Amino acid sequence: MTSPSTLESVPKPQARLRLTLDQVYVTAALMLIALRPLLTPIPPHDFWWHMATGRVILETGTIPQNDLFSYTRAGEPFFNQGWLAQLLMALIHRIGGLPLIIVVQALVLALAYGLLLRLCILRTNRIRACVAILLLVTMPLSFDNWTVRPQTYVFPLFAGFLTILTEYRLGSARRLWLLPALMALWVNMHGSFVLGLGLIGIVFAGETIKRWRSASGPRLDVPLIVWGAATAAATLLNPRDIEVLGYVTNLIGSSQVTDLVTEWSPPTIRDINGAIFFLFLIVAALTLIYARTRPNLTDLVLFGAFLWLALGATRNIVWLGFVATPLLAVQATTLLPPPPQRRFQGIPAMNAALIGLLALLLLIGSPWVKPALLPPETGALIAKGTPVAATRALQELPQRPQRLFHAMSYGSYLIWAAPEQKVFIDPRIELYPFEQWRDYILLGQGVDVEALLAKYRIDGMMLSIEEQAPLLEYARAHADVWREVYADEETVVLVRSEE
Amino acid sequence: MRRTHASVLHTVAGLVRNAPLPALIHLYGLIPLAVVAALIALAPTDPHDFWWHLRVGRIVSEAGVPRTNMFAWTVPPDQPFVYAAWLGDWLFYQMYLLCGLQGPVLARNILGTLAFALVLLEAWRRSGSWRLAGLAVFLAGMMTINNLTTRPQNWAWAPFMAYTIILSAYAMRQVGWRALLALPPLMVFWVNAHGSFVLGLALLALYCIGEGTRALLRQPDAPDFRRLAVLAAAALATLAATLVNPIGIDIFAYVVKLLTDPPSQGLVNEWQPPTVRSLAGQAFFLATLFLIAALALGRRRLNLTDTLLLCAFLWLAWSGMRYVVWFGMLAMPMLAQCLARPAPRVAAQRGDLFAAIIALALILGIGALQPPFKSSLNLSDSYRGLFADVPGAPLLYSADTPVGAAAYLRDHPGGRLFNDMAYGSYLIWALPAPQVFVDTRVELYPLALWEDYLALGEARAYRTLIEQYGIDRALLSRSRQAPLVAALAADPSWIVEYEDRYSILYRRVAER
Chain G
436 MTSPSTLESV PKPQARLRLT LDQVYVTAAL MLIALRPLLT PIPPHDFWWH
486 MATGRVILET GTIPQNDLFS YTRAGEPFFN QGWLAQLLMA LIHRIGGLPL
536 IIVVQALVLA LAYGLLLRLC ILRTNRIRAC VAILLLVTMP LSFDNWTVRP
586 QTYVFPLFAG FLTILTEYRL GSARRLWLLP ALMALWVNMH GSFVLGLGLI
636 GIVFAGETIK RWRSASGPRL DVPLIVWGAA TAAATLLNPR DIEVLGYVTN
686 LIGSSQVTDL VTEWSPPTIR DINGAIFFLF LIVAALTLIY ARTRPNLTDL
736 VLFGAFLWLA LGATRNIVWL GFVATPLLAV QATTLLPPPP QRRFQGIPAM
786 NAALIGLLAL LLLIGSPWVK PALLPPETGA LIAKGTPVAA TRALQELPQR
836 PQRLFHAMSY GSYLIWAAPE QKVFIDPRIE LYPFEQWRDY ILLGQGVDVE
886 ALLAKYRIDG MMLSIEEQAP LLEYARAHAD VWREVYADEE TVVLVRSEE
Chain Y
4 MRRTHASVLH TVAGLVRNAP LPALIHLYGL IPLAVVAALI ALAPTDPHDF
54 WWHLRVGRIV SEAGVPRTNM FAWTVPPDQP FVYAAWLGDW LFYQMYLLCG
104 LQGPVLARNI LGTLAFALVL LEAWRRSGSW RLAGLAVFLA GMMTINNLTT
154 RPQNWAWAPF MAYTIILSAY AMRQVGWRAL LALPPLMVFW VNAHGSFVLG
204 LALLALYCIG EGTRALLRQP DAPDFRRLAV LAAAALATLA ATLVNPIGID
254 IFAYVVKLLT DPPSQGLVNE WQPPTVRSLA GQAFFLATLF LIAALALGRR
304 RLNLTDTLLL CAFLWLAWSG MRYVVWFGML AMPMLAQCLA RPAPRVAAQR
354 GDLFAAIIAL ALILGIGALQ PPFKSSLNLS DSYRGLFADV PGAPLLYSAD
404 TPVGAAAYLR DHPGGRLFND MAYGSYLIWA LPAPQVFVDT RVELYPLALW
454 EDYLALGEAR AYRTLIEQYG IDRALLSRSR QAPLVAALAA DPSWIVEYED
504 RYSILYRRVA ER
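These protein sequences, in sequence, are chains G and Y. When we follow the numbering used here, the leftmost residue of the first sequence carries the number 436, and every step to the right adds one. When we follow the numbering used here, the leftmost residue of the second sequence carries the number 4, and every step to the right adds one.
No lab work stands behind these hints: they were computed from the structure. These figures come from a predicted structure and were not determined experimentally. Quick reminder that beta carbons are idealized off the backbone N, C-alpha and C, glycines included. Possibly wrong hints are sitting among the right ones.
What the hints assert, rightly or not - The calculated lysine to any residue pairs, modelled on SDA-like cross-linking and capped at a C-alpha distance of 25 Å, are: (1) Y:Lys-377 with Y:Val-38; (2) G:Lys-857 with G:Ala-794; (3) Y:Lys-377 with Y:Trp-76; (4) G:Lys-857 with G:Arg-529; (5) G:Lys-890 with Y:Pro-495; (6) Y:Lys-260 with Y:Leu-204; (7) Y:Lys-260 with Y:Leu-319; (8) G:Lys-819 with G:Glu-870; (9) G:Lys-645 with Y:Arg-344; (10) G:Lys-890 with Y:Phe-293; (11) Y:Lys-377 with Y:Gly-388; (12) Y:Lys-260 with Y:Arg-413; (13) G:Lys-645 with G:Asp-694; (14) G:Lys-890 with G:Ala-726; (15) G:Lys-819 with G:Ala-608; (16) G:Lys-890 with Y:Arg-353; (17) G:Lys-645 with G:Gly-626; (18) Y:Lys-377 with Y:Leu-204; (19) G:Lys-857 with G:Leu-535; (20) G:Lys-890 with Y:Glu-461; (21) Y:Lys-377 with Y:Ala-362; (22) G:Lys-645 with Y:Phe-293; (23) G:Lys-645 with Y:Ala-458; (24) G:Lys-890 with Y:Ala-458; (25) G:Lys-645 with Y:Gly-301; (26) G:Lys-819 with G:Trp-872; (27) Y:Lys-260 with Y:Trp-453; (28) G:Lys-890 with Y:Leu-300; (29) Y:Lys-377 with Y:Gly-106; (30) G:Lys-645 with G:Ala-726; (31) G:Lys-857 with G:Ala-567; (32) G:Lys-645 with Y:Lys-260; (33) G:Lys-645 with Y:Arg-303; (34) G:Lys-890 with G:Ser-932; (35) G:Lys-890 with Y:Gly-460; (36) G:Lys-890 with Y:Pro-486.
To be verified - Just a few of them, taken from the derived set where beta-carbon distance is under 7 Å, the chain G residues facing chain Y: (37) Ile-704; (38) Ile-707; (39) Phe-713; (40) Pro-730.
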């Protein structure tokens with residue numbers, strides 16, 4: 436039933452040391468994918484607080500169930516769903532610091548998209564076309580979501596689900612048993628585990644319709660039902676068992692999450708990533724129009740479902756990239772002429788030189804080398820906007836403010852770098868009530884400043900010059916009340932003067 | 004006697020057989036069309052983009068096309084402003100003279116129904132199926148539900164569909180060059196009725212590019228050189244026809260300014276991209292998904308020109324909600340075409356008395372929803388609550404039309420008024436010598452003024468801004484400007500002059 440995989444027909448590197456051009460394509464794709472995270476400094480928002488929580492788990496051996504880091508919600512219950520990913524991140528950091536975190540990020544992404552590439556090749560037998568589609572179509576769609584955080588760690592799990600289910604559709608059920616095992620990991624790493632169940636459900640529905648229409652074979656997909664049920668049961672293998680579903684439902688339905696967080700807002704063509712997304716849709720539509728065969732129904736339903744998800748929130752676009760790529764690869768390759776029996780495989784020495792060149796690029800981009808060779812935009816390990824020096828200055832104050840107001844992303848870094856300094860707010864969006872988020876935004880915009888400062892009894896501020904300029908202007912205009920104790924190009928720290 | 008009855012029945016049966024009655028199959032198209040027509044008739048008209056146009060229509064009728072601000076005190080009275088939709092405004096005013104305030108809404112209902120009837124015909128022409136044509140009309144109508152208010156754009160719907168049908172039929176060799184003769188005169192109307200006339204040019208350009216490429220690629224049914232030349236000549240003649248307007252070639256500068264105007268692009272809701280967070284947005288994206296599925300699985304493939312049109316209008320629709328209506332009208336007939344059989348069964352449909360009765364009932368039902376009769380229907384209180392009590396025009400204009408506040412201001416004029424943007428539009432119509440802070444002529448006002456307007460509405464540094472502009476009266480929307488309403492309520496230097504459910508008018512007094 437399965438067509439012979441091109442992967443199997445490619446000479447194994449172990450068997451023949453002479454690199455073929457096909458192997459260069461695959462290796463180069465993986466190296467280029469790895470290069471991007473290597474060259475991207477870690478943004479603060481969704482990284483440091485996860486690391487800090489992982490550190491707590493590592494040190495105490497327990498998963499925190501309440502807020503430990505803020506003074507506005509201190510002690511309030513907080514569902515720490517991604518504890519396993521947090522633990523992993525903290526562990527990696529303990530072993531190799533930030534450079535190892537970045538290298539693991541590159542490996543995780545290479546693994547996830549490597550699995551996707553393998554899947555496309557399995558479906559089409561066209562290595563070079565699949566590499567081109569992955570690099571030119573899927574990568575631009577997905578870059579925006581490649582930040583270091585628990586979500587990235589589950590990309591290989593998503594790709595694994597997709598691979599196993601596709602192999603099953605192609606006639607091989609021998610890896611279905613892996614689904615519950617992968618789900619047991621996924622449910623402890625990120626809330627997107629429900630997508631795994633969605634994948635199983637859609638594949639089951641699509642294949643059932645196909646069987647029903649063809650009226651051949653058993654009407655019920657027994658192996659999929661059994662392993663699908665086991666996978667659903669595996670979602671209970673987490674510290675809060677069934678409550679995890681309630682957590683995901685609350686998160687999706689939370690108005691402060693969907694209204695306030697940019698990545699939860701729907702994509703529009705007014706920003707570059709939205710424009711890339713909609714351009715991708717045009718390319719997808721054109722491919723579907725002109726392909727020489729009709730698409731597989733299950734592929735199309737998967738595409739439709741994940742497209743709807745992506746239209747609802749920018750953060751879901753990355754999942755669409757995973758499910759759409761095999762469909763596009765299959766449809767696009769119908770437009771290509773059949774490959775010749777013997778394809779030109781390049782000159783082995785040139786192939787090796789190409790791989791060597793890319794390896795050199797990876798070496799230059801590695802976090803141990805790049806700070807010395809590259810400009811800060813790509814050479815730094817931590818992204819601009821992380822208040823490292825400002826936090827240090829704050830810690831050195833003889834009398835530190837107890838109720839600090841600060842930019843949201845600063846909250847994430849403070850939790851990690853100065854855990855004794857309780858924060859006003861941070862990217863744990865669902866922890867804080869909508870009213871507090873509204874006050875946070877208004878205060879940053881310089882609206883009702885005095886009333887809001889009084890409401891939260893703020894005695895210090897760590898302000899982002901870019902995001903909170905009106906409040907900074909207010910504070911500087913009231914220099915008798917607000918004393919500036921630190922300033923750099925991005926951040927200003929002020930403390931309230933003694934009355 | 005019995006014989007007489009039998010004879011009468013026989014005669015009636017003969018008449019029914021010979022009359023041009025609709026067939027049952029036509030109901031598949033007529034019912035969705037009636038649903039869309041009903042939606043149009045039921046939709047309230049917001050004050051935003053209607054009343055100032057009606058006032059301009061009156062001025063055009065009495066003194067010719069105006070060219071300056073006239074109505075706002077925040078910019079100089081002689082500041083130039085292009086009233087590009089002067090003909091649409093004038094036509095609305097003629098409807099007003101004819102039928103009072105019910106007239107413009109009646110015109111909107113007729114124009115909307117006509118446009119969607121053309122969508123139905125186009126979908127049927129492309130697909131040969133009334134079922135699919137009905138589906139196309141329904142989907143196009145659903146994605147337009149937030150675009151049904153009365154305004155000059157209504158006059159552009161039918162010209163757009165006429166362009167679409169003529170060009171598509173010409174590309175499919177179903178009509179000859181004579182059909183293209185209709186395009187330039189139609190453009191003369193369109194360019195004076197609404198700024199969307201550029202879409203007519205865009206359609207022509209896309210057809211020229213698409214058909215030209217098809218000819219170059221020697222695709223099946225590609226046009227020959229003569230047909231291409233005729234199409235290009237029609238495009239040039241149409242381009243020339245756009246110059247027949249009061250400002251000539253400057254009309255293009257106006258369109259460019261509008262499309263790049265920061266306040267319009269940044270602040271006006273309908274210029275924002277559609278998202279799935281609104282009902283109309285959901286309908287639009289669902290229809291888009293459905294369209295992609297139809298393109299992939301459909302029995303027929305779109306040709307290059309149609310694909311080009313689809314992509315261009317899809318991109319346009321993604322860029323702003325106000326463009327979704329055009330995408331729906333253009334794309335849904337293509338969807339019907341994709342889903343249709345490769346060679347539709349062409350069987351003569353026999354007229355059917357039952358179908359005729361249903362069709363008549365639909366027509367009567369839609370007629371009953373029109374302004375002269377609508378108010379006498381037994382409509383629910385919640386629906387009636389959507390409308391303002393506009394004298395002589397019940398159940399037509401939305402509840403946030405500040406009828407009472409404007410009447411009060413007419414009786415108690417004076418002062419430097421700060422007002423809600425939509426209220427500004429109504430005040431321009433309702434006051435004899437209106438002087439508003441802002442109104443929906445968005446591109447008239449500089450961005451800084453709009454930023455101050457928004458800051459005032461949110462009560463940000465409002466005292467400073469009030470001093471800066473010398474504002475001493477404020478007509479506010481309770482919902483849109485709630486922070487300022489609350490701030491003035493708590494401010495002893497402001498007192499309430501007038502208030503109702505939706506609006507509140509404050510006057511500044513000496514500090515108490």
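Outcome of the hint check:
| no. | hint | verdict |
| --- | --- | --- |
| 1 | Y:Lys-377 with Y:Val-38 | holds (16 Å) |
| 2 | G:Lys-857 with G:Ala-794 | violated (44 Å) |
| 3 | Y:Lys-377 with Y:Trp-76 | violated (38 Å) |
| 4 | G:Lys-857 with G:Arg-529 | holds (23 Å) |
| 5 | G:Lys-890 with Y:Pro-495 | holds (24 Å) |
| 6 | Y:Lys-260 with Y:Leu-204 | holds (18 Å) |
| 7 | Y:Lys-260 with Y:Leu-319 | holds (17 Å) |
| 8 | G:Lys-819 with G:Glu-870 | violated (29 Å) |
| 9 | G:Lys-645 with Y:Arg-344 | holds (22 Å) |
| 10 | G:Lys-890 with Y:Phe-293 | violated (51 Å) |
| 11 | Y:Lys-377 with Y:Gly-388 | holds (14 Å) |
| 12 | Y:Lys-260 with Y:Arg-413 | violated (34 Å) |
| 13 | G:Lys-645 with G:Asp-694 | violated (40 Å) |
| 14 | G:Lys-890 with G:Ala-726 | violated (62 Å) |
| 15 | G:Lys-819 with G:Ala-608 | violated (48 Å) |
| 16 | G:Lys-890 with Y:Arg-353 | violated (77 Å) |
| 17 | G:Lys-645 with G:Gly-626 | violated (31 Å) |
| 18 | Y:Lys-377 with Y:Leu-204 | violated (38 Å) |
| 19 | G:Lys-857 with G:Leu-535 | violated (28 Å) |
| 20 | G:Lys-890 with Y:Glu-461 | holds (20 Å) |
| 21 | Y:Lys-377 with Y:Ala-362 | holds (20 Å) |
| 22 | G:Lys-645 with Y:Phe-293 | holds (19 Å) |
| 23 | G:Lys-645 with Y:Ala-458 | violated (58 Å) |
| 24 | G:Lys-890 with Y:Ala-458 | holds (22 Å) |
| 25 | G:Lys-645 with Y:Gly-301 | holds (17 Å) |
| 26 | G:Lys-819 with G:Trp-872 | holds (24 Å) |
| 27 | Y:Lys-260 with Y:Trp-453 | holds (17 Å) |
| 28 | G:Lys-890 with Y:Leu-300 | violated (60 Å) |
| 29 | Y:Lys-377 with Y:Gly-106 | holds (13 Å) |
| 30 | G:Lys-645 with G:Ala-726 | holds (21 Å) |
| 31 | G:Lys-857 with G:Ala-567 | violated (48 Å) |
| 32 | G:Lys-645 with Y:Lys-260 | violated (53 Å) |
| 33 | G:Lys-645 with Y:Arg-303 | holds (22 Å) |
| 34 | G:Lys-890 with G:Ser-932 | holds (18 Å) |
| 35 | G:Lys-890 with Y:Gly-460 | holds (23 Å) |
| 36 | G:Lys-890 with Y:Pro-486 | holds (18 Å) |
| 37 | Ile-704 | holds (5 Å) |
| 38 | Ile-707 | violated (14 Å) |
| 39 | Phe-713 | holds (5 Å) |
| 40 | Pro-730 | holds (5 Å) |
In summary, the structure is inconsistent with hints 2, 3, 8, 10, 12, 13, 14, 15, 16, 17, 18, 19, 23, 28, 31, 32, 38 from the numbered list given earlier, while agreeing with the others.
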